[in-house]
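2 protein chains.
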Amino acid sequence: MKCTGSIDTREVEELYINIDPIQAGGRLTNEAQKAVIAYSDGYSVCDNCLKPFRLDYIRKPPIAEFHEDCAKWLNMDQLRVVPGARRGFQAVASSLVQKGDPVILTALSHYTEFVSVEQSGGIPCEIPKDENNHITGDNAAERIEEVIAKFGKTPPLLYVEHVDYQYGNIHDIKGIVKAAHQYDIPVLLNGAYSVGVMPVDGKALGVDFIVGSGHKSMAAPAPSGVLAANEEYADVVFRTITAKGDVTGRTFGIKEVEMMGCTLMGVTVMGLIASFPEVQKRVTEWDREVEHSRIITDALTSIEGTVCQSDSPREHTLTRINTIESFDKVAQNHKKRGYFFSSELKKRGITGVIPGSTRVWKYNTYGLTRKQTDHVAASFREIAEDNCLSVI
Amino acid sequence: MKCTGSIDTREVEELYINIDPIQAGGRLTNEAQKAVIAYSDGYSVCDNCLKPFRLDYIRKPPIAEFHEDCAKWLNMDQLRVVPGARRGFQAVASSLVQKGDPVILTALSHYTEFVSVEQSGGIPCEIPKDENNHITGDNAAERIEEVIAKFGKTPPLLYVEHVDYQYGNIHDIKGIVKAAHQYDIPVLLNGAYSVGVMPVDGKALGVDFIVGSGHKSMAAPAPSGVLAANEEYADVVFRTITAKGDVTGRTFGIKEVEMMGCTLMGVTVMGLIASFPEVQKRVTEWDREVEHSRIITDALTSIEGTVCQSDSPREHTLTRINTIESFDKVAQNHKKRGYFFSSELKKRGITGVIPGSTRVWKYNTYGLTRKQTDHVAASFREIAEDNCLSVI
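Residue numbers (full-length UniProt numbering), protein chains in the order written: chain A, 1 to 392; chain B, 1 to 392.
Wrong hints could be hidden among the right ones.
Put simply, identical chains are the same to the list, so a pair is met inside one copy or across any two.
List time: in silico DSS-like cross-link candidates among lysine-lysine, alpha-carbon distance up to 25 Å [as the list claims (entries may be wrong)]:
| no. | residue 1 | residue 2 |
| --- | --- | --- |
| 1 | Lys336 | Lys174 |
| 2 | Lys174 | Lys72 |
| 3 | Lys99 | Lys153 |
| 4 | Lys329 | Lys347 |
| 5 | Lys51 | Lys346 |
| 6 | Lys60 | Lys346 |
Hints were generated in silico from the structure; no laboratory data involved.
Could you build the full structure based on these sequences and the hints that come with them?
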């Protein structure tokens, strides 16, 4: 018998201030931690599953209520839970994209969007970013025109990042939607870095779909996420099964094809639900998070040679920083090479920067207290000073 | 702010003997319960993700090792973790089935197989069951012939349940595989009720794919599961992304299209891994489970008018029982109607029978101790006697 079951306890979140770019928004709330313990067993939410036997109809625990409330909260018509944002992309692409269709995404699109396009047989076409690392309505319109001319057909779908994973910049969704809708192209908002951390209003943005990530930004266990759609497309993406047993005559109720029936039957959906009150509250406190992001980014850019590659001043907690002319210069002559940096951070109780990285890297300050923020800011300055970099 | 976050604690497994047909094999082991607490946070397994940045390459925690060990354990060449068995079906169907292709499944196939066929654009064609509620090699061969004649093409895929969800019967997989392979049709074994509870040897059975369910039979949280493939098809189903950013020139490494990149980035995969040593052990103790199943089934069939609709003597822990001429007759005149039965069971600390069900229902005895088994058996007899049904 193999012993892969012997697992060290993970204590990263207990012992360190974690500024990992993808982990910050997915730390569980206390309520979610409790729900995880109570609903850890396999099909734990199915105790009271009644007709029509579908996850989003279960009222005890309040899964149906969550579906309704979360749709309202995003100001969208309908919502389903999915095993990660990527499975939301897959559901939409699989519903709207035919083999050989050009699909619009952007120069800042996450790889999972590309995977979903390939999975559906579509051909990905990127909207270029502008000189400020933004996707604009103008660039979107221009690219759409070009793609229509090239392929002789209108793309059935456009993906856009509300906040992109590379820079953490917030993009002009309204402008992009305006461009797309002029060609009747539905817009899927990738809210992996917005839904659950900052306010998102689907109707105000004008998008047709919103995808959010539970484990990235909604304080939920993995894999989890939400896919919201407006009525115009809900019937397509949430279409129910029509297949029938040709021998038995069996039919299969109202199971949804793209959801594969039910999606999150236990711990994942319960984590999402348990965190939801706190998640709703925390998005209203986004200003404080941005303030903390700026304090830390300002500390870094106060170090000679350090450049913030994201929008400045910061409007989000995810930031891309270039330390080629600061910490990387130190690394060249340090006996620990690039590892000196993560090592010095670790000494100060800070983790989440890839060990060895001293050139271009990312961090996410989401969820830090003011005290932790000041400590992280001071730590960067200290490490710089200790290594003879001047700090303004 | 809505308060869907207020959740009652679930204590079903602590307070009751649960004989629910789908929940028995998905109760967590103690090791999994501990892992769930340690890895509950969103992207908790990504702390040490290094190049090539894919879940199944992570060595700390031992995710890579689990992939290797679990493939060996099933005697298959390659394995991936997936968000539930259904997502394994989806990956295979999406890889092998073209729009309009006939796909073979059976009169006892689970609805998620039909969903996956519909999702891929295929047309489901059932192999009829025989008079003993079995799928046989002969019936498979006959149906394949018929489907080829009707559609003018060979089905690209055949699904078969190792153990079906309706009767809990174990089917002649070798015979069915022999029939399918004569037409070069690959066979996907739905092991939702076998992988993790009873011994499964892919090479001995001759199947091309095995799908197992973490939350149904591998003592893991939902959604989780495994998809194993032999080399002949592994490259197809686990093909890596070829898409490229047409503006940025970005490529996306070795992310797999049907896996959507990574699948289970936290609590779900860790539950699966933590339970794995115990799961490997428990499948070797399958005889004891069958013995317990027989004790309880014998108790039920000792009640006048009660018929076991599954194979008898039982070879599996999931059983379909017909109590139309026993407990349902009692229900007709009982002031609680059909609810008397679940209510009487509950008084005796037994749950998992749908409240109100007294006609044809299912139970699963998996994981009961001998003492619990005897108590459940005695309880059925007692409830019968208390309600004037004669018990042999």
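message: Cα distance capped at 25 Å. Does Lys336 pair with Lys174 within a copy, between copies, both, or neither?
response: Classified as neither; 47 Å inside a copy, 58 Å across copies.
message: Cα distance capped at 25 Å. Does Lys60 pair with Lys346 within a copy, between copies, both, or neither?
response: Answer is between; shortest inter-copy Cα gap is 18 Å, intra-copy 44 Å.
task: Classify it for me, Lys99 with Lys153: is the Cα-Cα distance of at most 25 Å met within a copy, between copies, both or neither?
output: For Lys99 and Lys153, the Cα distance is within 25 Å both inside one copy (13 Å) and across copies (21 Å).
task: Indicate which option fits the pair Lys329, Lys347 if close means a Cα-Cα distance not exceeding 25 Å: within, between, both or neither.
output: within (21 Å within a copy, 73 Å between copies)
task: Since the copies are identical, ignore which copy is meant and state whether Lys51 and Lys346 lie within 25 Å (CA to CA) inside a copy, between copies, both or neither.
output: For Lys51 and Lys346, only the inter-copy Cα distance (22 Å) is at most 25 Å; the intra-copy one is 53 Å.
message: Please sort Lys174 with Lys72 into within, between, both or neither, judging by C-alpha distance up to 25 Å.
response: within (20 Å within a copy, 52 Å between copies)
In summary, the structure is inconsistent with hint 1 from the numbered list given earlier, while agreeing with all the others.
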